[in-house]
Amino acid sequence: MTGTTERTRPMRPSLTRRRELVPPGRLAFRRFLRNPAAVVGAVVLILIVLAVVVGPLFVPWDPDVGELIDARQPPSAEHWLGTDLIGRDELARILAGGRVSLTIGFLAALLAVTVGTVVGTLAGWFGGVADAIISRIIDILLSVPAVLVIIVFAGILGPSLPMLIIVFSALLWPQSARIARSVVLSVREQEFVQAARVLGSRTRYIVLHHLIPGVLPSVIVAATILVADAVLSEAAVSFLGAGVQPPQASWGNMLNDSKSLTVLTLMPWLWLPPGLAIFATVLSTMAVGDGVRDAIDTRRNA
Amino acid sequence: MSALLTVDDLEVHFTARSFTGRKRVIRAVDGVSLEVAEHEALGIIGESGCGKTTTGRAIVQLEPATGGSMHYRGKDVTHLTGSARRAFNAHVQFVFQDPMSSLNPRMTVADIVAEPLRAYGRWNGRAGRDRVSELLDLVGLPPEFGSRYPHQFSGGQRQRIGIARALALEPEMLVLDEPVSALDVSVQAQVLNLLMSLREAQGLTYVMISHDLDVIRHVTDRVAVMYLGVVVETGPADEVLDDPVHPYTAALVSATPPSSPDEKRARIRLQGELPSASNIPSGCRFRTRCWRADEICATVVPPLSPKGDGNRAAACHHPLDLAAPRLREGIATP
Amino acid sequence: MLRFLVTRLSSSLVVFVVIAIGLFVLVRLAPGDPADALVPLDANPGDRQALVEQARVQLGLDKPLPLQFVLWFGNLVTGNLGFSFQTNQPVAQMLGDRLGPTLLLSGTALAVGLLVALPVGIAIAVRRNGISDTAVSSVSVIALAIPSFFSAMLGIWIFAVQLRVLPFAGMNTPGDSSPGDLFLHLVLPVGILALAVAASFIRYIRGGMLEQLGQDYIRTVMAKGSGPFRATMHGFRNSLIPLVTVLALYIPLYFAGAVVVETVFSWPGIGQLAINALVNRDYPVIIAFGLYVAVLVLVCNLLADVAYALVDPRVRSVR
Amino acid sequence: MTVTEPVLSLQSVNLELKTPDGYVRILRDVTFDVAPGEIVGVVGESGSGKSMTALTVMRLLPPKARVQAARIGFDGDDLATTSPRALRRVRGKRIGMVFQDPMTSLDPVIQVGRQIDEAYRIHHPGVGRAEARAQTVRMLELVGVPDAANRARQYPHQWSGGMRQRAVIAMALVNDPKLILADEPTTALDATIQAQVLDALARARDELGVAVVLITHDLGVIAQFASRVIVMYAGGVVEVATTRELFEDSRHPYSAALIQSRPGAHRRGEPLVAIPGRPPLMTDLPEGCPFAPRCASPYKSAVCVTDRPELERSVDGRLSACHFRDHHQEVVA
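So the protein lines, in turn, are chains A, G, X and U.
Per my numbering, the first sequence starts with residue 1, numbered consecutively.
Per my numbering, the second sequence starts with residue 1, numbered consecutively.
Per my numbering, the third sequence starts with residue 1, numbered consecutively.
Per my numbering, the fourth sequence starts with residue 1, numbered consecutively.
Everything labelled a hint here was simulated from the structure, so no lab data went into it.
Quick reminder that beta carbons are idealized off the backbone N, C-alpha and C, glycines included.
Some hints could be false.
Not the full set, but computed from the structure, chain U residues with beta-carbon under 7 Å of chain X [as the list claims (entries may be wrong)]:
(1) L60
(2) R88
(3) R91
(4) G92
(5) K93
(6) M97
(7) T104
(8) S105
(9) L106
(10) D107
(11) A119
(12) Y155
(13) H157
What the simulated footprint calls covered on chain G by chain U, stretch by stretch (three residues with Cβ under 8 Å from a Cβ of chain U suffice, anywhere in the stretch; the number is not a length) [stated by the list, open to error]:
(14) 154-163
(15) 186-199
(16) 217-229
(17) 249-259
(18) 265-274
Pulled from the structure, derived: some chain A residues nowhere near chain G, Cβ distances all over 10 Å [what the hints assert, rightly or not]:
(19) D62
(20) F106
(21) P162
Kindly generate the complete structure, drawing on both the sequences and the hints.
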């Protein structure tokens, strides 16, 4: 009876601002666009990726071969960024090296995030003994420095690209696994997941409609951090001589020659550009990650 | 009166592991027997940690029973999986306490209410959408709210959405877990009125779990009082709450604030605290806080046995006298 | 507590044995024959075959693999890590000689980094979203994005090449072993490493403090009539719980950074030893380095557990 | 007016908080008095400003909060104009505060006794540990903590919720204050524990003569413990009355509806008097009476939508913020 009296008198939530009617996903995207650092980061990152993908088409020099006569030239109209110790064009090498560095970075991060998300999700979802063991493995692996492990592997088996990617992803997945696990744990605690069970939803529906949308944003943030991590680690390893081997260029090994004092003092064009390239890539990736994290922070949603 | 749902000696035990890896068994529900008749409203009352919520969750298969049995219309429903569970849940639904966390913030209200329809293949384009509007209307929400998200609603409106979702499959029975305790006082009454009118209109059976004696007294016909995983007293709501037989019920009633300054209540102030569910006292579980306890209470577990005219039952060696002056009018007890 | 320590310690030992087996297998998988590598290439080809066989017996390579492992592991726990292919010195001794400089460099950097990060992290958390917070947070993000070898080169270029106030590399000027000289050589590498430490810990401390300062008990402390300093110290004590764990877990990662910095600065530490061994395929040294990393990681994990239990009364008093 | 000076006297207290969308007014001209040694209840729904009122008195507000008040009189001082430094000597010493959730309001890594010692020693700089501890144990015993001396050496996680709330009350009492602000002190506790804790608070009032402002949404608690009630709605005081007056003869439609909407006030199964709708958002207050959109009073008229009523006395001296404060009486009579 009272139910009817209230039906004739519908209550309208007072909607003071239009934006409250926007779906949460689009709201997050708008918040991202309002974060200047994140937008600049995204633009820089896109430019870098574009440059290393299409850039080599416009540079006439072979990145791996040089003429000794051309060696050690400072930047000029012909060689925009100068040439290295054996006469290879520095710009061509930067672009080619970028391809290698970014491929390793993105591939390793992608692998790590996939493995980590799956393992972390399973651990969080099923709990119990499996979760305890996985959590312990995650804890230990988190404190294993990838660079040192690569040195050991490269020292014994010899350096190679597949090994780099495998070891990086093998040591980076725990980061995303830990994040995925904790998000799954909290989503699982949310009553709407339990409600779905009582409402008769099948596991497939629950995973697709409740779990994945809940986990995905955090996983995206984790992925950006992993890309930054992988790019930095690849650079360090290649710099130490345990990663990408010459003549193939990578941003890390391009700096290897510059350990010599002559290069360091007299030829800054050989070490400043690759160093700055790594720096710009990592910084913009981190800015994008921060932006995404702030944008999806649900505490601001209310 | 035939029982719709029978719960016999239900046990729900959990195993917890401490930081050092030591195991503890938490006996959240430890031998609960209940009967719910068709169209009846049964209230389960008790303080936090008494196992009332776990009992409700076990009924709808949200917690696995570790002992005992449950029958629904004579069919064993103790451990259901897969399609049997889905068939059962179509008849018995659950309403959660927290209307914020039980609604997915990333889904629209229409999608939330439609979830059970989709799960049971009763979502067929237009008909499904009409059903959602109908359900929203039923709980007093304009159908155009379907395109909005949960965070745009007040607590009371969210709880209406949760109720609409639970009603989508036209269930026979609702288990309501503290349905109004997260709501503001002025909104509680709206939701309680809705629940009462729905029960009448749809012929629903309720199992309502609450710590609020006034709410239980108002809505339910019969109550079961729980303490530390067991039922200590059952009977018609008015009788149990006005003339408790079990000392714990009496203490609970006397601790409930009065509804007006004139109402004087017996002051029974329990000493001590609720023992842990992993370390349950021997004999009567209430004896550590009971002023009537003696040696027998420490050794013999009191069974739930009939009291008074047979409508009532209590598990106590030294029950309070039913003929004594009514508690609500005020007697002095130690 | 004791029970907990014993279980954790024994599980660490198991992991250590697994890693040792892994390294052992890895060496067997490695290209080339260690016995062959021992015999000089210029030996008479006829004699060479015999010499290689002799070396094989000497190295115990003729025995079955599990036995080889047991022997090798037995040697390992008694401190016999074999001899370097390159210098023929005992590897344990080489590692021991390099440990001091590495600990000096990394330890100082960790200490300096934390000494900077603690007050700064707390201060910007208290004044969150202020100008100082924004500035420090931005600087720390930038510091985290610079690869350490690049910042090391920039440091050398600026301070050693352009300004000429600090030495380029090494641990001391040849012939000068005074503490003052050592200090000058420490400044740049420690500075570079400490920057990375401070950058990441400022973020941790700020985050931890922000979380604690938002807790209800802080309001209780304020309601007692205490000033902002006392309230901050309450928050700090609580933020230490996650912090010590993170710190212990991160120590191995900073040692990785130390390898890079040691290489750039020709610092005579373990990292430089490892890179030399890498270039020369000096297996015994590489394996020893691998074991060193494993021990480091396991000890730090154990340390994290213990520290966690020590700082948090909720864990300490579990009966 | 009265013989005794009020210990706390709020006059036109306004509060604005900073939100992402600018400043929002949370308290609107809050005005009431508290007499020495009395227990005054403050009721209202979540968001009505009752907790913010207590935090404003203590000035424990979020950063960038703006307070404007004619006067916040306390024991001879005006807290509205007191310097932050001087205010620290009021907090914890002359006014104690008890918070809602005892599980989170104690520092988890410090022994319970130490935390109470600290409250004492902050305001008694020369005092030694032993003397502070003696005072702590005395207060813990007063609020009914058994074996207080030993339990003081335990950490909060070793205490149950009810015991922790007693510890917080002991902490608020340790400097013999004139006033205690208790913000939903038993909302997080079970019924039997709630009764014990409220008894402890009442005993403190009886033995130490401290005045208590009891903030709660539970009218039953008010009925049992408070002698006077302040009803708040949408950031303002809508009615001030003695507890008996409020329950028997309320002069504001909101208070009346609140009392009528409780299940305990009805016969079993009969529809409850529900207040339709929901409280307004503080960002979006109606121009007239904030309660007008939900008001079911037969006197409701155009003036309710256009003019905001002030808290004023009715003909027979009752305080109500309703345009028809004089008419409700007739309805009841």
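Now for the hints, and whether the structure bears them out:
1. L60: Constraint on U/L60 satisfied, holds at 5 Å.
2. R88: holds, 5 Å
3. R91: With Cβ-Cβ at 4 Å, under 7 Å, it holds.
4. G92: Holds: closest Cβ of chain X sits about 3 Å from U/G92, inside 7 Å.
5. K93: At about 6 Å, which falls below the 7 Å cut-off, the nearest Cβ of chain X leaves the hint on U/K93 intact, so it holds.
6. M97: holds, 4 Å
7. T104: U/T104 check passes; min Cβ-Cβ to chain X is 4 Å, inside 7 Å.
8. S105: It holds, given that the least Cβ distance between U/S105 and chain X is near 5 Å, below 7 Å.
9. L106: holds, 6 Å
10. D107: holds, 5 Å
11. A119: Because about 4 Å separates U/A119 from the closest Cβ in chain X, which is inside the 7 Å limit, the hint holds.
12. Y155: holds, 4 Å
13. H157: The hint holds - U/H157 has a Cβ within 7 Å of chain X, the shortest such distance being about 5 Å.
14. 154-163: This one holds; 3 residues, not fewer than the three required, reach chain U with a Cβ under 8 Å.
15. 186-199: holds (count 9)
16. 217-229: holds (count 3)
17. 249-259: Holds, because 8 residues of the region 249-259 of chain G bring their Cβ atoms closer than 8 Å to Cβ atoms of chain U.
18. 265-274: Satisfied; 4 residues make the cut.
19. D62: holds, 51 Å
20. F106: holds, 28 Å
21. P162: holds, 39 Å
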